[in-house]
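Produce the entire structure from the sequences given, and follow the hints as far as they go.
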Amino acid sequence: MTRYNFKESEAHWQEAWLDNHCFSVSDIEDGPKYYVLEMFPYPSGRIHMGHVRNYTLGDLVARYKRARGYKVLHPMGWDAFGLPAENAAIANNVPPAEWTEQNISVMRKQLKSMGLSYDWDREIATCHPNYYKHEQKMFLDFLDAGLAYRKEAWVNWDPLEKTVLANEQVIDGKGWRSGALVEQKRLSQWFLKITDYSEDLLSALKELERWPDRVRLMQENWIGRSEGMRLRFKIEGRNERLEVFSTRADTLFGATFCAISPNHSIASELCAKNPDLAAFVEDCNRLGTSEAAIETAEKRGIDTGLRVRHPFIPTKTLPLFVANFVLMDYGTGAIFGCPGHDQRDLDFARKYDLDVIPVVAPKEADPKTFTIGEIAYLEDGVHINSDFLDGLSISDAKEVVATRLEEAGIGDREINYRLRDWGVSRQRYWGCPIPVINCDTCGIVPVPEENLPVELPQEVSFEQPGNPLEHHPTWKNVDCPACGAPAERETDTFDTFFESSWYFARFCSPKAENGLDAAAMAYWMPVDQYIGGIEHAVLHLLYSRFFTRALQKCGHLDVAEPFSGLMTQGMVCHETYQDERGEWLFPDDVHQSDAGENVTVANGSPVTIGRSVKMSKSRKNVIDPEEIISTYGADTARLFMLSDSPPDRDLDWTEAGIEGAWRYINRLWRMVSEPNIPLIAAGLPTPTEMGENVAAAHRAIHKTIAAVSNDLDRFHFNKAVARIRELTNVLESLFPDEAGAGWVYRDGLEVVIRLISPIMPHLAEEMWHALGHQALVADATWPVFEPGFLEEEMVTLAVQVNGKLRGTLKVAKEMDQNSVELSALKIDSVVKMLDGRDPRKIIYVPNKIVNIVV
RNA sequence: GCCCCUCUGGCGGAAUUGGUAGACGCGCUGGAUUCAAAAUCCAGUUCUCGCAAGAGAGUGCCAGUUCGAUUCUGGCGGGGGGCACCA
1 MTRYNFKESE AHWQEAWLDN HCFSVSDIED GPKYYVLEMF PYPSGRIHMG
51 HVRNYTLGDL VARYKRARGY KVLHPMGWDA FGLPAENAAI ANNVPPAEWT
101 EQNISVMRKQ LKSMGLSYDW DREIATCHPN YYKHEQKMFL DFLDAGLAYR
151 KEAWVNWDPL EKTVLANEQV IDGKGWRSGA LVEQKRLSQW FLKITDYSED
201 LLSALKELER WPDRVRLMQE NWIGRSEGMR LRFKIEGRNE RLEVFSTRAD
251 TLFGATFCAI SPNHSIASEL CAKNPDLAAF VEDCNRLGTS EAAIETAEKR
301 GIDTGLRVRH PFIPTKTLPL FVANFVLMDY GTGAIFGCPG HDQRDLDFAR
351 KYDLDVIPVV APKEADPKTF TIGEIAYLED GVHINSDFLD GLSISDAKEV
401 VATRLEEAGI GDREINYRLR DWGVSRQRYW GCPIPVINCD TCGIVPVPEE
451 NLPVELPQEV SFEQPGNPLE HHPTWKNVDC PACGAPAERE TDTFDTFFES
501 SWYFARFCSP KAENGLDAAA MAYWMPVDQY IGGIEHAVLH LLYSRFFTRA
551 LQKCGHLDVA EPFSGLMTQG MVCHETYQDE RGEWLFPDDV HQSDAGENVT
601 VANGSPVTIG RSVKMSKSRK NVIDPEEIIS TYGADTARLF MLSDSPPDRD
651 LDWTEAGIEG AWRYINRLWR MVSEPNIPLI AAGLPTPTEM GENVAAAHRA
701 IHKTIAAVSN DLDRFHFNKA VARIRELTNV LESLFPDEAG AGWVYRDGLE
751 VVIRLISPIM PHLAEEMWHA LGHQALVADA TWPVFEPGFL EEEMVTLAVQ
801 VNGKLRGTLK VAKEMDQNSV ELSALKIDSV VKMLDGRDPR KIIYVPNKIV
851 NIVV
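Just so we're aligned, residue 1 is where the first sequence starts under the numbering used here, counting upward by one.
Treat the hints loosely; a few may be bogus.
[What the hints assert, rightly or not] Cβ pair distances, simulated, as ranges:
| hint | residue 1 | residue 2 | range |
| --- | --- | --- | --- |
| 1 | 98 | 770 | 42 to 52 Å |
| 2 | 725 | 649 | 11 to 21 Å |
| 3 | 98 | 184 | 45 to 55 Å |
Rather than coming from a laboratory, the hints here were simulated on the basis of the structure.
Built from N, CA and C at the ideal position, the CB exists for glycine as well.
Right, dumping it as structure tokens:
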């Protein structure tokens, strides 16, 4: 028995695909196009199983669409700017550029060993000046179009390292390296006006029919459109009014306090005279910039002593608090608190002993006795304690109160969005320089287009804390392009989401001098199928949708939506291992003892096996793809990635699973290398006579083509694999002596090979070749089924008594109800269950079920 | 805390629109082959009771709608993703 020699085969066919330029396309092609794109990787060092899964999925789609006659664009590149390169520079004293290039060359080689159908001539790396110079031009166009602006914003500041920290670098309010208490600092930063597109980004979600519903829902919630009112409250003893935004102006009669954000202008002003307040505000700001931290913090506040006048109750004033849960970025940075009908307000009121006045009660409740306990009442009902609103439903009351407030000139209807403008400034070296110059006399001056790109300096030092661009001896010193006086370059670089917001477009014309070539954009854009992790459901995907609109506005391309189809994949998981001391162990460090217990390889001490969780270096539950590919081959790894779990679910990596895949590969190979049925010549006419099993197998071939095509179209890859396995089971069980067996066996093999070719492309080529084909399967067309073979004449009906299965009936299709009932009532177990009783009702669903109700 | 998802045999998962729960695979058990093993092949495998025929239970948990619910509705619980400077 021979084993499939994947090492030789995979190298050979990868070379053959390259020599034949199978996967190369031009910037402009003819005929129907299909653009398949997987999220490009950050070059962190080596590929991981998440990459293997992502790129296997994409390759399957790309190869399948190619077989179906599309011109397929399937590119790959590198999201090469980012924080890890700087961390490596600090830790190992390697320049980020060098570290990144090394990683790219390792990972490129690893990806090539997977046999992916990329057009490698279109490879890009975002850290190359010939990539980011176009990005700088885009930014200048955004600036012209009023889509980019500068404003002050908070950053996490490590006072010891004198560095801005990312949210993930802040651990329990302390810097991850220094351990110093993190401060909040206001810096002038660049923003993109994504909020100009709030409504468009929201309403266009409806048309993204090939996106998962949950991603659209998440984006919808992220944009967070809400219809409400902007109210102006009189503050006692002050001229200015307090502006608050509320979606529940109908609960105004239940208002018992007002609160402003710690960063509200009134709070800042009061801090000067009130040291307690100043200390509180400082404390609040320590929480950092992450929403999760702010939301989970205990609700606290401090009374400013100011009172706010109630708009409808002349005698009533409300205390004004500064509260840590009021966000400056949302609405007006001020709220009115109605504890009865908002949980946060209620928690706050209970803590500071404020009144709770119910103003909406359930229909059936008695308005005189209805009280609020520890849970705010959020349902609809009838207004009470609300003067002119009493008796109205929430929506009616909203309408009435809005009109009143508008008439009184103290409120306006307003639509608010949770979405904030996108801060793109990063105080870091390893990113794309923001192409502006700061001049004392001229202000912000764009770098003239002919001076682009503004390149990162090669020689930088990470010895001093902070941004190396700030400390660079010469780089930032330039003459002002406007007045010629000495000026300074902007030392902030772009957020790395900037690069990933247009790389998909660049892949269509990766070498074009003018950036995004119009004809290439018109042919290839948008991406027909985008594939990547669900973790990008909001930020990357929303930024890209905005960026594409901004590019359209500035004439760089002419589509609004970058990705017409989206598939989000689940994570790759593995069980975890811990030794007696609770230290994590690599899978290779664990084995089974002779007694069948799990022990360490090192010294045989017991190992605890934990549940399967996402593979991560920190928990050491990782399997190196390179090792898998060198042991079992790329096709085995690819098959395993596709065979069990559906793409959008998490996938458990198991040793047994990969071995099962490897066994199946060998089984397929033996079907051509050691066939049970001698292989006959190709192209012989369909035999006129077929044995019963042979004829069934022949029908199965056509059914499988139909089912697999349907499964692939709908991304049910695990089902497609199951169907192919079923067909191979049928072909293997054919008897050589039966009439027509040789012909059907060969026909079946030719079909199977083409069906597996997007999944196990190397094996498919090897088998195709073994069947005597000179051309590549990669260039073969998808098999076609004959609809006539799909139809069955007989169907099996389920026979139920009171909804419980009691037997089955094999009948002709579309049998009439009477004859079905007659036969059903004769079934032994049905007779037994009826026990002489007459059926009360018989439900018959043709070709499916008979249910006898007694 | 908020938003989104998910839960089916020992395991991964199947089950067009509410209509035979468990396709396909892994694992396990028994058998064949072998000096022996690996590999391969054959058979069995949701659980409980039963020698069997068969009966009952069963899709995270609790209710509901229905002739019929893995599928629809409400509530609860476990696990996961995102939360704007990780990518």
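Verification of the hints:
Between residue 98 and residue 770 the CB atoms are about 46 Å apart, so this pair conforms to the stated range of 42 to 52 Å. For the hinted restraint 11 to 21 Å between residue 725 and residue 649, the CB-CB distance of approximately 20 Å keeps it satisfied. Range check, residue 98 to residue 184: about 35 Å between beta-carbon atoms, so the 45 to 55 Å window is missed.
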